[in-house]
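Enquirer: So the sequence shown is residues 0 to 426, counted in numbering that gives the first Met the number 0.
Since the hints were derived computationally from the structure, they do not count as laboratory data. Just so it is clear, the structure is predicted and the values come from calculations on it, not from any experiment. Fair warning: there could be bad hints in the mix.
[To be verified] Now the in silico label distances, taken between C-beta atoms and shown as ranges:
1) T53 x S400: 37 to 43 Å
2) T172 x I319: 43 to 49 Å
3) K289 x S330: 30 to 36 Å
4) G402 x P32: 20 to 26 Å
5) S359 x S31: 38 to 44 Å
6) I319 x H188: 24 to 30 Å
7) S31 x P317: 25 to 31 Å
Cβ atoms here follow ideal geometry from the backbone N, Cα and C, with glycine treated the same way.
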Amino acid sequence: MADIKPFRGVFYNQEVVGDLSAVVAPPYDVISPEDEEYYRHAHPNNVIRLILPTEDSIGDKYYNAAEILRKWLATGVLVRDNQDCLYLCVQEFIFRGEWKRRFGFTCLVRLEEFGSGKVRPHENTLPKPLEDRLNLMRATRSNFDSVFGLYAGRTIPEMLVSFVAAPPDASTTDRDGAWCHVWRMSDSHVIQNVAEAIRDEPLIIADGHHRYSAALAYRDEMRAIHGAHDPEAPWEYVMMTLVSFDDPGLVVLPTHRLVRNIADFSPARITAQIGEFFELKETPAAQLEKEVASANGTRATFGLYLGNGISYVMRLKPTIAPENMVEIPGSDALKRLDVSVLHGLILDKLLGIGAQQVASGNNVGFTRDVETAMHCVDNGEYQMLLVMNPTKVDQIMAVTSMGDRLPQKSTFFYPKLLTGLVMRVMD
């Protein structure tokens, strides 16, 4: 199902920029305002100027990104590979005291409509960020942030493991201390073997739904101008980094929910409402995240923090069937997910916070830091915190195979791909 091919990647010239850690950044959509300021000051050639450009008196931000790209290519800040390659990307990191290694490879993937089943989304997109990424692509004709995709099977990592015996072509660390190494793979036999191994596999987008959707829209615009007669036209492909579902280094973290602006809120009222559907076990706040993780099983389990040290582990009662209670469209596999129970039962049915209110940002905030989130409840910024377990990879596979999409912020794949190590400029 997946049609991939090599390409001539664009890299930072280390003889010009020096330490790569000063010029790379995470994907644009996980960069906070504070992080953006950090990367803008890290190096005058940091990739932040391409992925999150700014306006000035000369032109709009997308025009400025295109001009910066043109200048960096002309002056040798960025250099282009002299041959088509696949790029092995290995990330090494410590997670909960355990050393992990994640294998991926960066390539071009033929763009497919989501309805084809060849490339499957697991989240919905929003109009504003989609338009933003499309405008950037129109101006620069480039893929700076790689789309992160998943495929089934361990065959490809086994093929590529021998490459790591040689020194990498590029190495750097992110701000969390995770290493990322890149090797060029130009051997035609290796490329052919990888392409054939993945040809029958559907791809699932892990991160980069807006980037992929923007590439689809750009392809359609180019077809309208130039026709659709050339299947190898550059706009028919998008840059993706592909990782096996079975990779032991594939880590999915939870994103917890902070809730505010609930009318007539009181801890007693909330616990009474929740107690109709969940077993509540009072738990020390300092142990809440650990207790939720240890209780993870077949029944949806959450942590509830109401401020001033009041916290509970809440577990769906065995008599409650999520597929009958969660009023969201989709398969039973989707409705049984913890994140679906949280959105469809707790937020919507119990608290009256529907999908539109969640999207507005007025009622629900998202965080990965439980301790900081508890402080936000204690100081009155939010009224309650719901602590989640991560969505499992096999659950993502089951839901996407049914054509369903998960609620926003259902997954956080860690570590993020680094932007700036390998980029793509269309011919």
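Enquirer: Of all the hints given earlier, name the ones this structure violates by number, lowest first.
Expert: Result: hints 4, 5, 6, 7 break, sorted rising.
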